[in-house]
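Required output: the full structure, derived from the provided sequences and hints.
2 protein chains.
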Amino acid sequence: MLSGPYLLYIGDAPDELSIKSSRGMAQWRPEACVGQYRAPGSALTLGLPDMGFQQAKAAGAQTLILGVANAGGVMAEGLTNDVLAALAAGLNVASGLHQKLAATPIIAEAAARLGLSLFDAREPSEPMPIGKGYRRAGRRVLTVGTDCSVGKMYTSLALERELRRRGVKADFRATGQTGIFIAKSGVPIDAVVADFIAGAAEWISPAREDGGWDLIEGQGSLFHPSFAGVSMGLLHGSQPDALVLCHEPGREQMRGINGRALPDLATCLAANLQAARLTNPDVQAVGVALNTSKLAPDAARALCDQIAGELNLPCQDPVAMGVDQITDRLLACVAS
Amino acid sequence: MLSGPYLLYIGDAPDELSIKSSRGMAQWRPEACVGQYRAPGSALTLGLPDMGFQQAKAAGAQTLILGVANAGGVMAEGLTNDVLAALAAGLNVASGLHQKLAATPIIAEAAARLGLSLFDAREPSEPMPIGKGYRRAGRRVLTVGTDCSVGKMYTSLALERELRRRGVKADFRATGQTGIFIAKSGVPIDAVVADFIAGAAEWISPAREDGGWDLIEGQGSLFHPSFAGVSMGLLHGSQPDALVLCHEPGREQMRGINGRALPDLATCLAANLQAARLTNPDVQAVGVALNTSKLAPDAARALCDQIAGELNLPCQDPVAMGVDQITDRLLACVAS
Numbered sequence: 001m002l003s004g005p006y007l008l009y010i011g012d013a014p015d016e017l018s019i020k021s022s023r024g025m026a027q028w029r030p031e032a033c034v035g036q037y038r039a040p041g042s043a044l045t046l047g048l049p050d051m052g053f054q055q056a057k058a059a060g061a062q063t064l065i066l067g068v069a070n071a072g073g074v075m076a077e078g079l080t081n082d083v084l085a086a087l088a089a090g091l092n093v094a095s096g097l098h099q100k101l102a103a104t105p106i107i108a109e110a111a112a113r114l115g116l117s118l119f120d121a122r123e124p125s126e127p128m129p130i131g132k133g134y135r136r137a138g139r140r141v142l143t144v145g146t147d148c149s150v151g152k153m154y155t156s157l158a159l160e161r162e163l164r165r166r167g168v169k170a171d172f173r174a175t176g177q178t179g180i181f182i183a184k185s186g187v188p189i190d191a192v193v194a195d196f197i198a199g200a201a202e203w204i205s206p207a208r209e210d211g212g213w214d215l216i217e218g219q220g221s222l223f224h225p226s227f228a229g230v231s232m233g234l235l236h237g238s239q240p241d242a243l244v245l246c247h248e249p250g251r252e253q254m255r256g257i258n259g260r261a262l263p264d265l266a267t268c269l270a271a272n273l274q275a276a277r278l279t280n281p282d283v284q285a286v287g288v289a290l291n292t293s294k295l296a297p298d299a300a301r302a303l304c305d306q307i308a309g310e311l312n313l314p315c316q317d318p319v320a321m322g323v324d325q326i327t328d329r330l331l332a333c334v335a336s
Numbered sequence: 337m338l339s340g341p342y343l344l345y346i347g348d349a350p351d352e353l354s355i356k357s358s359r360g361m362a363q364w365r366p367e368a369c370v371g372q373y374r375a376p377g378s379a380l381t382l383g384l385p386d387m388g389f390q391q392a393k394a395a396g397a398q399t400l401i402l403g404v405a406n407a408g409g410v411m412a413e414g415l416t417n418d419v420l421a422a423l424a425a426g427l428n429v430a431s432g433l434h435q436k437l438a439a440t441p442i443i444a445e446a447a448a449r450l451g452l453s454l455f456d457a458r459e460p461s462e463p464m465p466i467g468k469g470y471r472r473a474g475r476r477v478l479t480v481g482t483d484c485s486v487g488k489m490y491t492s493l494a495l496e497r498e499l500r501r502r503g504v505k506a507d508f509r510a511t512g513q514t515g516i517f518i519a520k521s522g523v524p525i526d527a528v529v530a531d532f533i534a535g536a537a538e539w540i541s542p543a544r545e546d547g548g549w550d551l552i553e554g555q556g557s558l559f560h561p562s563f564a565g566v567s568m569g570l571l572h573g574s575q576p577d578a579l580v581l582c583h584e585p586g587r588e589q590m591r592g593i594n595g596r597a598l599p600d601l602a603t604c605l606a607a608n609l610q611a612a613r614l615t616n617p618d619v620q621a622v623g624v625a626l627n628t629s630k631l632a633p634d635a636a637r638a639l640c641d642q643i644a645g646e647l648n649l650p651c652q653d654p655v656a657m658g659v660d661q662i663t664d665r666l667l668a669c670v671a672s
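Chains A and B, in that order, give the protein sequences. Just so you know, the first sequence maps onto residues 1 to 336 in our numbering. Just so you know, the second sequence maps onto residues 337 to 672 in our numbering.
These are computed hints drawn from the structure, not numbers from a lab. Built from N, CA and C at the ideal position, the CB exists for glycine as well. Any given hint might turn out to be false.
What the hints assert, rightly or not - Distance condition first, Cα-Cα at most 30 Å in a straight line; then the derived DSS-like pairs of lysine-lysine:
#1 A:Lys132 x B:Lys436
#2 B:Lys520 x B:Lys436
#3 B:Lys356 x A:Lys132
#4 B:Lys356 x B:Lys520
#5 A:Lys100 x B:Lys436
#6 B:Lys505 x B:Lys468
#7 B:Lys468 x B:Lys520
#8 B:Lys468 x A:Lys20
#9 B:Lys468 x A:Lys100
#10 A:Lys184 x A:Lys169
#11 B:Lys468 x A:Lys294
#12 B:Lys630 x A:Lys132
#13 A:Lys100 x A:Lys169
#14 B:Lys630 x B:Lys436
Said to hold, decoys possible - If you anchor each label on the Cβ, the simulated ranges turn out as follows:
#15 B:Asp546 x A:Ser185: 50 to 60 Å
#16 B:Gly503 x A:Ala76: 53 to 63 Å
#17 B:Gly595 x A:Asp264: 28 to 38 Å
#18 B:Glu462 x A:Glu126: 21 to 31 Å
#19 A:Glu31 x B:Glu462: 25 to 35 Å
#20 A:Lys169 x B:Gly645: 37 to 47 Å
See below:
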């Protein structure tokens, strides 16, 4: 179990993409983050005070979050030394790397000796059940996408925030390592054994009777040839009442797949709705979330208007415009 | 690596369903099976000579195949004792149980001490790659289904046999434990980590330039709420040129899911073709394979004719009728 406050790790990470999880924490849980740890000369910043490990501990930090990715996900020597130094300073350590902290003997030994905790966000915390698809109580929104990394986590979190702002009970349900840091719970759904994908989605969003919403973080895309199995199981297990389609306009090819074009939005949405009906025949699309960060504001607005007209759905950039229209549609469409 | 000849295990298994893998071996590799091992009083038989472990070893058996399933997949005491006795007699042991032989210390220790091999068919033998969906050479058939356990493995094997009978190169590619026993290789695709489903399918059916066919064993169903993620990844990774739809008429509900009806054949086939087009836009349906074992021969024949007319595809029961018409269509449809 993660315990804050946190020190966020940057180290000598080379670029924004490689500090994605630390960035997510700084963005969504700033009140829980006391500082950032950078190697000398780092040009990246999360906008938090720079701190060493002992300084962070003195400032109240309980856990160092290794919210970084590195080539191959292996635990390089510099990173291992930083983890050992953090443990020596009395910090627990949480990691989103493929290589597990607990599987690195020198780290596991130090943590045990010092009585500190290690948390591997890419490791499912317990055995998952087999999904059954039986109708369960509660209201659920799943974000789906034209591709990987198009803003599904951000959109789910923005919907949680907007619903709560309106006094509606809502809980983000995490399926990836950054989301798990933010939510302090969840299942890294791409790391579960294939037979249990739908079951893991059922497990993170169990029946609820309090009238609240589960905002489930989507993964991958039904149109991504590497990961569509994960997306499909997540779609069935989530049993969503509503889908929000996420997309980054201008992307020339699917992430990691040379020469493969993204699906068009209408085709992608129709395929997701069709698959989702297996476990919830009443599923509806309630909006489109665009990442327009590479467009000028006027162009972004015009594109949202165009897509909204084509799909007859509210279309917004959650970062630049918020999700108020999507939330309006959600609350209007799905009976309470 | 599995080495025959084999002794097939029945033990005190209670019913046909629980000896499914031993039955599959006896059916498809009879020439490699020297006998069966049964507990006293067993009413089940594979039609092979009854043998003890030492007797089997003397008759040339190299490996005991635990082709049985038991409640929860755990290694019960009686089963463990039988494995230890088989090892003591000099037999290697292969298992399709969820509980791994290698993870049972008393068994692992005995095998190591005696210099014998343990083979867990439900354990992926090496790390799988990420699927990419890039077009690769070769011709591939995937069996898909309305449900689990409707004859996908049997149909794939029957197609392999029929193609070989006609002098066409063809290789069955196994994705489940029974198939892995039969093929002596393959990947238990429901046991790989979710991110690697499509990659595992690519791995078992790599590019081939010899003009031969890969007959890939399907798993689950796009319409099964527990396992559709596996089916989807397998569909994308297999990159099939042709699909054969498998079905058991008369089944009242999806396997393991109370009250859920099976999809109709046309809907199921259309959804599979649609998904398969992601990695092979030219995919075609070439036949329907029915398990008509619960129907009278006349009724079975009439149902095949009816479905053939409705879907405009050859429809046969591979067990009762063979797969010659499906093979004709396959060879006519897919250019060599």
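Do the hints match the structure? See the list:
With a C-alpha separation of about 25 Å, the suggested pair A:Lys132 and B:Lys436 falls inside the 30 Å cut-off, and the hint holds. Under the criterion of a C-alpha separation no larger than 30 Å, the hint pairing B:Lys520 with B:Lys436 is consistent with the structure, at around 18 Å. In summary, the hint linking B:Lys356 to A:Lys132 is supported, as the alpha carbons are separated by about 23 Å, within the 30 Å threshold. Note on B:Lys356 and B:Lys520: the hinted pairing holds, with a Cα-Cα distance of about 17 Å set against a maximum of 30 Å.
Note on A:Lys100 and B:Lys436: the hinted pairing holds, with a Cα-Cα distance of about 23 Å set against a maximum of 30 Å. Using a Cα cut-off of 30 Å, the hinted pair B:Lys505 and B:Lys468 holds, with the two alpha carbons roughly 26 Å apart. With a C-alpha separation of about 26 Å, the suggested pair B:Lys468 and B:Lys520 falls inside the 30 Å cut-off, and the hint holds. With a C-alpha separation of about 23 Å, the suggested pairing of B:Lys468 with A:Lys20 holds against the 30 Å cut-off.
Restraint check: the Cα-Cα separation between B:Lys468 and A:Lys100 comes to about 25 Å, which is no more than 30 Å; the hinted pair holds. About 18 Å separates the Cα atoms of A:Lys184 and A:Lys169, which keeps this hinted pair within 30 Å; it holds. For a cut-off of 30 Å, the pair hint linking B:Lys468 to A:Lys294 stands: about 27 Å separates their Cα positions. A threshold of 30 Å between alpha carbons decides the hint, and for B:Lys630 with A:Lys132 the separation of about 27 Å falls inside it, so the pair holds.
For a cut-off of 30 Å, the pair hint linking A:Lys100 to A:Lys169 is broken: about 35 Å separates their Cα positions. Distance check on the hinted pair: B:Lys630 and B:Lys436 sit about 35 Å apart at the alpha-carbon level, beyond 30 Å; violated. The supplied range of 50 to 60 Å is met by B:Asp546 and A:Ser185, whose beta-carbon atoms lie about 51 Å from each other. At about 55 Å, the beta-carbon gap between B:Gly503 and A:Ala76 stays in the expected band of 53 to 63 Å.
Here the CB-CB span from B:Gly595 to A:Asp264 is close to 36 Å, well matched to the stated 28 to 38 Å. Distance hint check: the CB atoms of B:Glu462 and A:Glu126 are about 26 Å apart, consistent with the given range 21 to 31 Å. In this structure the hint that A:Glu31 and B:Glu462 lie 25 to 35 Å apart at CB is violated, the actual value being about 45 Å. Between A:Lys169 and B:Gly645 the Cβ separation comes to about 54 Å, which falls outside the hinted range of 37 to 47 Å.
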